[in-house]
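Number of protein chains: 2
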Amino acid sequence: MILFIGHIENNKALLSPTESHHMIRVLRMKQGDQVYVTNGAGDMYKGEIESLENKSAVIGNLESIPNLQKRDYKIEMAVAPTKQIDRIEFFLEKAIEIGLDAYYPIITFNSERRKLNHERLNKIGIAAMKQSLKAEQPKIDDLVSFKNFLKENNDTPGQKFIAHCHKDIEQKPIKDVITLKSSYQFLIGPEGDFSKEEVQMAVEHGYTPISLGDQRMRTETAALSCVMLAHWLHQ
Amino acid sequence: MILFIGHIENNKALLSPTESHHMIRVLRMKQGDQVYVTNGAGDMYKGEIESLENKSAVIGNLESIPNLQKRDYKIEMAVAPTKQIDRIEFFLEKAIEIGLDAYYPIITFNSERRKLNHERLNKIGIAAMKQSLKAEQPKIDDLVSFKNFLKENNDTPGQKFIAHCHKDIEQKPIKDVITLKSSYQFLIGPEGDFSKEEVQMAVEHGYTPISLGDQRMRTETAALSCVMLAHWLHQ
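Chain order of the listed sequences is U and H.
If you're matching positions, the first sequence starts at 1 in our numbering and goes up one per residue.
If you're matching positions, the second sequence starts at 236 in our numbering and goes up one per residue.
Some hints could be false.
[Stated by the list, open to error] No farther apart than 25 angstroms at their CA atoms in a straight line, the calculated lysine-lysine pairs in the DSS-like style are these: (1) K83/U <-> K365/H; (2) K410/H <-> K70/U; (3) K281/H <-> K247/H; (4) K305/H <-> K172/U.
Derived from the structure by calculation, the hints contain no laboratory data.
Here the structure is a predicted model, which means the values were calculated and not measured.
Given these sequences and hints, build the entire structure.
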């Protein structure tokens with residue numbers, strides 16, 4: 001069964017024009033078809049297509065079902081988008097399937113990419129969320145400078161890490177410092193890594209410098225490996 | 236510094252025509268440039284470009300250096316290639332960066348893709364190996380039927396797992412059964428999963444049926460998450 005995102009009210013779900021279009025024009029679904037629907041905030045329902053107007057489909061007969069993928073931890077990542085955008089897109093899709101809750105694209109000193117199609121990334125995020133039957137819509141933020149990101153996240157709770165490859169700045173293997181906490185925030189730099197100043201700045205904002213081991217990894221691989229670590233830690 | 240693969244003899248490394256072409260025509264390197272070179276079998280050297288003939292470059296002054304990424308375990312995966320080939324290509328690149336030793340593409344009952352460009356996958360594998368400075372060339376096999384794969388791997392040592400989603404066939408969470416062993420072999424099915432008969436067949440060949448948790452994952456995500464689990468287990 002296919003999952004849709006809708007506005008839930010009075011035991012009905014009203015789909016957005018985009019979701020309705022997808023249901024009607026792309027999937028060619030019919031009145032009476034059974035579907036899943038979520039409000040994107042953790043609630044999951046089974047329902048039946050009640051009406052299919054041009055740009056607003058309604059799902060009725062909603063029956064609340066348990067959110068089997070509910071987790072007791074959150075994963076947030078700030079990753080400098082890669083030069084080749086398909087790399088970060090693939091990362092995003094895989095990371096959301098596994099359980100990424102928020103992606104913050106950042107511009108850093110060594111960033112080669114300083115523009116981003118936010119709408120496209122958001123679409124990929126929603127598609128991955130729906131495909132993997134998640135009841136929570138991942139947050140995909142606008143591109144922001146590393147400096148501003150740190151400022152805005154000064155009070156973010158949980159464990160906060162910055163991965164880097166500078167051998168002369170102290171860092172700890174991630175597995176030695178990560179614990180079973182309620183939330184994680186990872187910072188992953190661009191192809192040329194964070195600058196030393198950036199690592200220092202993050203430390204001043206409460207981030208723990210970490211290493212991801214002896215493997216030389218691309219940006220998106222490093223980011224994905226952090227999501228996977230948090231995932232497997234909780235299995 | 237850039238890594239090349241070469242045939243090592245008498246303290247010199249002779250590059251293949253493809254590797255030589257890459258060095259000379261693509262990277263436009265010059266005599267005297269410093270490079271890394273490996274035999275693809277675990278030995279790593281630092282050296283200096285000695286001669287640059289049209290199709291055969293020679294690296295001299297070889298100095299053996301430690302293989303920092305040497306692992307005391309092996310990861311092999313048989314994965315049914317996805318319908319969209321870029322998904323399996325991305326998996327392969329990420330998996331090799333992390334430490335995949337061998338990839339066996341398989342044709343299963345529900346496989347939609349029954350053809351594969353082996354040369355292209357091999358190129359991706361070598362590029363990923365070089366990019367992540369690995370001294371061991373990953374094995375990328377030809378497409379083979381699931382049945383024949385099982386026959387050929389009857390005596391493969393180590394822990395052997397088959398991931399599937401059939402709720403009525405016993406399976407154990409992978410984290411409950413994986414141990415710190417010297418080698419792993421994972422079987423991951425296509426978009427429509429392995430058939431029940433295929434799971435049964437694998438069990439008869441010594442594979443343990445496993446589940447990867449409550450997340451609904453695409454083929455390549457499931458495969459990647461197994462590589463990541465083995466990786467993080469050993470960190």
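We went through each hint and held it up to the structure:
{"no.": "1", "hint": "K83/U <-> K365/H", "result": "19 angstroms, holds"}
{"no.": "2", "hint": "K410/H <-> K70/U", "result": "19 angstroms, holds"}
{"no.": "3", "hint": "K281/H <-> K247/H", "result": "11 angstroms, holds"}
{"no.": "4", "hint": "K305/H <-> K172/U", "result": "20 angstroms, holds"}
Going down the numbered hints, you'll see the structure goes against none, and every one checks out.
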